[in-house]
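There are 2 protein chains.
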Amino acid sequence: MGIGSNLPLIDGQRLWDSLMESGRIGPGKAGGLRRVALSDADGEMRDLYGRWCEEAGLSVTVDAMGSMFARRAGREDDLPPVLIGSHLDTQVAGGKYDGILGVLGGLEILRTLNDRGIETRRPIEVVNWTNEEGARFNPPMVASGVFAGVFERDWALAREDDDGAVFGEELKRLGYAGEAPVGGREVDCYFELHIEQDDALERLGIPLGIVTGGYAARGFNIRFEGETAHTGPTPMAKRRNALAAAARVLAAVDDIGWKYAPEGKATAARCIAWPNRLGILSEWAEIIIDFRHPDPAVTAKMVEEGMAALEAAAEKTRVDYEIIQRWSFGDENFSEDLIGLVRGAATALDVPTHDMFSQAGHDAYYMSRITPTCLLFSPCRDGITHNEAEEIELAYTEPSVNVLLHAVLARADR
Amino acid sequence: MGIGSNLPLIDGQRLWDSLMESGRIGPGKAGGLRRVALSDADGEMRDLYGRWCEEAGLSVTVDAMGSMFARRAGREDDLPPVLIGSHLDTQVAGGKYDGILGVLGGLEILRTLNDRGIETRRPIEVVNWTNEEGARFNPPMVASGVFAGVFERDWALAREDDDGAVFGEELKRLGYAGEAPVGGREVDCYFELHIEQDDALERLGIPLGIVTGGYAARGFNIRFEGETAHTGPTPMAKRRNALAAAARVLAAVDDIGWKYAPEGKATAARCIAWPNRLGILSEWAEIIIDFRHPDPAVTAKMVEEGMAALEAAAEKTRVDYEIIQRWSFGDENFSEDLIGLVRGAATALDVPTHDMFSQAGHDAYYMSRITPTCLLFSPCRDGITHNEAEEIELAYTEPSVNVLLHAVLARADR
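Top line first, the protein sequences correspond to chains A and B. Terminal number for the first sequence in the numbering used here: 1337, no gaps in between. Terminal number for the second sequence in the numbering used here: 1337, no gaps in between.
Chain A with its partners taken away, still in its complex shape (with noise of 0.2 Å):
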């Protein structure tokens, strides 16, 4: 930012602090996390975010998803609040900023206005979302995606992991089965700040993506029925084997994948199998794959040669299957608005941005579908992220926070 500028700025030592004091919580094997949503090391990380909150003056209300709502109250507090979040759950072979740097952001975002006494029109909340990667509990996003209204309450409450616990048992379990409704309120806008998790940013050496648009992703969970017999006599014409099929069609997916590179991207993502032993054929499989590609037309095509391949794997392996879940994102539209202010702050405090799309998905997607959403990107070391790896440096974090800074604080005067 310019020399002698005498905006209010972040405490970059005290966010970094607290990033490392986060990134104790559920190590990883290999200096990164494993704080899959729900864990032991979720809860202790929930309840350290939640006395930091309490420490800041901030009221923090949990809603019957356990995301974690801290809020500094406004001037004209019955105003709907200015709301910044992302997500505190990791992948189980995760990084200690992913999602991370977005709350903790947050949390610094209202700390330094404490500090500088700085009071707004609007109320400013700060969520956790709960289980944002999808790494325990499938689908990704469920928390948001609830209070979006794009699934059920009790539905999302229902999902279980692999070894049968359940969401809503688990939230219990940790104390984090709140009282609050999830949604159903106004919420003025939704900002979100993550890692990039591309190298993009680090290659063009600016601190600041503002996302215009996403990949349009596509995915399909499905599941094959096939039937066990002897491997050794069953012929090949008289098997049903539902691995053979899964198999089939991950292998077609990566190739689609391959086909539609370097923009295009297809995902083999998940196999699991029963009764998957040697000497016997599988009864059942359950696969999970996903397209993406920035032209939601492109994406359309790719899906279209899956579903061919799916067709084609069950016919010649003689499994019968069932899309059991099908999930869509990248196609929202973010605001213009917001996008604006933060273009001004930028300015203002002499960041340089890069207007880029989204490749992941992100809590912000389900939000832009109910409020005014915007969601920026500071740069991560190689572009390397949900890998134990993943690194980022808090000379080219501090930037996008000082940012999201100004832009919130336009944002709840307005």
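Source of the hints: derived by calculation from the structure; they are not laboratory data. Keep in mind that a hint or two might mislead.
Repeated chains share a single entry, so a pair holds when one copy, or any two copies, can fit it.
As the list claims (entries may be wrong) - Once the Cα atoms are required to be at most 30 Å apart in a straight line, the calculated DSS-like pairs of lysine-lysine come out as:
hint	residue 1	residue 2
1	LYS1239	LYS1224
2	LYS1224	LYS952
3	LYS1239	LYS1182
4	LYS952	LYS1182
5	LYS1161	LYS1182
6	LYS1239	LYS1095
7	LYS1095	LYS952
8	LYS1182	LYS1095
Mind docking chain B on chain A? Use the hints.
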């Protein structure tokens, strides 16, 4: 058998009752059995089998791999014993007869000799081999394999199941970590009666199959090492998705099976991956594949194509791989001498026989490497096995056990 024959015959009803009693231990979900090796159910069945053997006056010895040998003394008891056997463990969704018929049929033969007061020159032993199926502990046929010197005992005892339970510890837990050395003693010969696991005998209306050779089977356990990364932003060319590599190989294996059908078979048997989750590329995956053909030269060609597919998949996905286990069976030669005795007994009893190849692995394969071995099949309904719907009928089973009785008698008096 011929009317008026005065040859000793088994008590078919007693055999059937024993099979039915066994069929209640470790019930599956659809009328069959889930009695995987060294489970509580396997322990219960072992206890029952041990009691039955003792009630029949047999002395039971358990070796360090947990295999149970029930011995009926011979007149010249120092001579190497005639061994009959198979296994009492099942697949996770298995039937009530596979393997079990071979053990309980052997016991019925000794009960019959007792009833008739028939002494034999050589001792006769009936063996229940531990973990033939390999459904819980990989590899299959591991205890007969150690007995035959194919696997190292300590390596086998250190095998772990998916939950980390150790073979040797599970043996101790159930009280079947025996003190007898594994193998290292002379065995006169080995007979194994097994259900066919295909429908050839049923279609032909013939109650006894004489196995004259095996399908050459080659199996591979392969581990892929890739790298986690975020699904959304990571372009295809930068991915190292271990699950995509695994799926490509499994799909190629299925293709190879079809290419060499109907005689050839290739199987996508197993796939596990980690994290195996939406939103993150998988760091590692493990698969089991196998190739089977009656002509070893063709099996070799199938393997060659499989290895080329493995190479191509690893290159395309930028994933490393390691073949962590190779296994092979089906090239073994069965004993012409023993087959001659079986043909003689079948003629005397007027039981039609059919020469055939075995398509599945059996303990007899490994035993054939160290002693004259004979593998016999009896019919199973519709060829359905490794499935809870597996069925046999006593009327089509009894003749095969009677032929075995007389072949064993002839050999034991040799």
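Item checked: Unmet hints by their number, sorted upward, for this structure -> Structure breaks hints 2, 4, 6 and 8.
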